[in-house]
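Undergrad: Going line by line, the protein sequences match chains Y and C.
When you line the first sequence up against the numbering used here, it's residues 37 to 151, in that order.
When you line the second sequence up against the numbering used here, it's residues 326 to 440, in that order.
Check each hint, because a few of them may be wrong.
[To be verified] Not close to chain C: a few residues of chain Y, all C-beta gaps over 12 Å, as computed:
hint, residue
1, LEU49
2, ASN58
3, ASP90
4, ARG103
5, LYS104
6, THR106
7, SER115
8, THR148
[What the hints assert, rightly or not] No more than 25 Å apart at the CA atoms, straight line, and that leaves these computed lysine to aspartate or glutamate pairs for DMTMM-like:
hint, chain 1, residue 1, chain 2, residue 2
9, Y, LYS138, C, ASP355
10, Y, LYS92, Y, GLU52
11, Y, LYS138, C, GLU387
12, Y, LYS138, C, GLU369
13, C, LYS349, Y, GLU78
14, C, LYS403, Y, GLU78
15, Y, LYS138, C, ASP382
16, Y, LYS138, C, ASP388
17, C, LYS393, Y, GLU78
18, Y, LYS138, C, ASP381
If you are wondering where the hints come from, they were derived from the structure by calculation, not from laboratory data.
A quick note: this is a predicted structure, and the numbers were derived from the prediction, not measured.
We treat Cβ as the ideally placed atom computed from N, Cα and C, and that holds for glycine.
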Amino acid sequence: GNSVTQMEGPVTLSEEAFLTINCTYTATGYPSLFWYVQYPGEGLQLLLKATKADDKGSNKGFEATYRKETTSFHLEKGSVQVSDSAVYFCALTQRAGQGAQKLVFGQGTRLTINP
Amino acid sequence: DAGVIQSPRHEVTEMGQEVTLRCKPISGHDYLFWYRQTMMRGLELLIYFNNNVPIDDSGMPEDRFSAKMPNASFSTLKIQPSEPRDSAVYFCASRQGAAGANVLTFGAGSRLTVL
Chain Y
37 GNSVTQMEGP
47 VTLSEEAFLT
57 INCTYTATGY
67 PSLFWYVQYP
77 GEGLQLLLKA
87 TKADDKGSNK
97 GFEATYRKET
107 TSFHLEKGSV
117 QVSDSAVYFC
127 ALTQRAGQGA
137 QKLVFGQGTR
147 LTINP
Chain C
326 DAGVIQSPRH
336 EVTEMGQEVT
346 LRCKPISGHD
356 YLFWYRQTMM
366 RGLELLIYFN
376 NNVPIDDSGM
386 PEDRFSAKMP
396 NASFSTLKIQ
406 PSEPRDSAVY
416 FCASRQGAAG
426 ANVLTFGAGS
436 RLTVL
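Between the sequences and the hints, there should be enough to build the whole structure, so can you do that?
TA: What follows is the structure, encoded as structure tokens:
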């Protein structure tokens with residue numbers, strides 16, 4: 037079945053540090069890949085997505101590249117801010133059919149940025 | 326657009342009581358999803374609807390859980406009787422269209438505590 041494995045947290049960094057959160061997946065076919073972010077007390081919101089191999093999703097300084105050969109979708113940001121403190125979820129769906137309705141999440145990585 | 330609206334935001338109840346969680350999806354979205362988030366199990370899909378019809382309820386834990394969607398603008402998740410292990414944050418999410426790349430919009434969640 038489909039699954040997502042994320043780097044275990046929590047991750048604590050200083051402001052302006054470089055961030056990488058690893059994500060690998062197992063899926064049949066070619067899934068769509070997502071990063072969602074959850075700020076304290078809020079629901080999940082989409083951060084970025086990629087729908088085919090070699091696509092790069094980007095938003096708010098975050099980037100992730102869909103790597104089919106390594107089945108990975110690592111999240112990166114060159115210089116983090118205190119406001120980036122949140123829980124980050126990697127997720128996938130199939131592109132069509134029943135599997136397209138089931139967003140499979142990783143366990144989440146809690147990120148704390150210190151000033 | 327006000328986004329996906331959930332109520333109540335917080336509920337504390339005693340074991341054995343009935344709990345009803347409510348959700349108003351984004352207007353025009355034809356898919357609605359109920360998720361549960363716990364520390365131990367992460368995010369789990371409980372059930373989803375398409376055009377108000379339940380499509381897949383395989384994630385519903387047991388018969389104590391039921392969900393309805395009487396119209397396109399309202400859904401409920403009911404737990405009767407509630408148990409302490411049901412304590413979790415319950416999220417409602419909605420989406421337009423069947424494609425796996427389409428983005429889910431989440432509500433802020435309902436935090437349930439069963440004593």
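Undergrad: Each of the hints needs a verdict: does it hold here or not?
TA: Verification of the supplied hints:
Separation of LEU49 (chain Y) from chain C is adequate, the least Cβ-Cβ distance of about 23 Å exceeding the 12 Å criterion. With a closest Cβ-Cβ approach of about 17 Å to chain C, ASN58 (chain Y) is found to remain outside the 12 Å limit, as its non-interface label requires. For ASP90 (chain Y), the condition that its CB be more than 12 Å from all CB atoms of chain C holds, with the nearest at approximately 15 Å. Listed as outside the interface, ARG103 (chain Y) is consistent with that label: its C-beta sits roughly 17 Å from the nearest C-beta of chain C, beyond the 12 Å cut-off.
The Cβ of LYS104 (chain Y) lies farther than 12 Å from every Cβ of chain C, with a closest approach of about 16 Å, so its non-interface assignment holds. With 12 Å as the threshold on Cβ separation, the claim that THR106 (chain Y) sits away from chain C holds: the shortest Cβ distance comes to roughly 21 Å. At roughly 26 Å, the least C-beta separation between SER115 (chain Y) and chain C is larger than 12 Å, which holds for a residue marked as non-interface. Against the 12 Å criterion, THR148 (chain Y) stays outside the reach of chain C, whose nearest CB is about 17 Å from its own CB.
In summary, the hint linking LYS138 (chain Y) to ASP355 (chain C) is supported, as the alpha carbons are separated by about 15 Å, within the 25 Å threshold. In summary, the hint linking LYS92 (chain Y) to GLU52 (chain Y) is supported, as the alpha carbons are separated by about 22 Å, within the 25 Å threshold. Between LYS138 (chain Y) and GLU387 (chain C), the direct Cα distance comes to roughly 19 Å. Compliance with the 25 Å bound is thereby established for this hinted pair. Using a Cα cut-off of 25 Å, the hinted pair LYS138 (chain Y) and GLU369 (chain C) holds, with the two alpha carbons roughly 10 Å apart.
Of the supplied pair hints, the one linking LYS349 (chain C) and GLU78 (chain Y) holds, its CA atoms being roughly 16 Å apart against a limit of 25 Å. For the given pair, LYS403 (chain C) sits about 22 Å from GLU78 (chain Y) by alpha-carbon distance, which is consistent with the 25 Å threshold. Straight-line distance between C-alpha atoms of LYS138 (chain Y) and ASP382 (chain C) comes to about 11 Å, which keeps the hinted pair within the 25 Å bound. Between LYS138 (chain Y) and ASP388 (chain C), the direct Cα distance comes to roughly 21 Å. Compliance with the 25 Å bound is thereby established for this hinted pair.
The straight-line distance between the Cα atoms of LYS393 (chain C) and GLU78 (chain Y) is roughly 24 Å, inside the 25 Å bound, and the hint therefore holds. For the hint pairing LYS138 (chain Y) with ASP381 (chain C), the CA-to-CA distance comes to about 10 Å; that is within 25 Å, so the pair holds.
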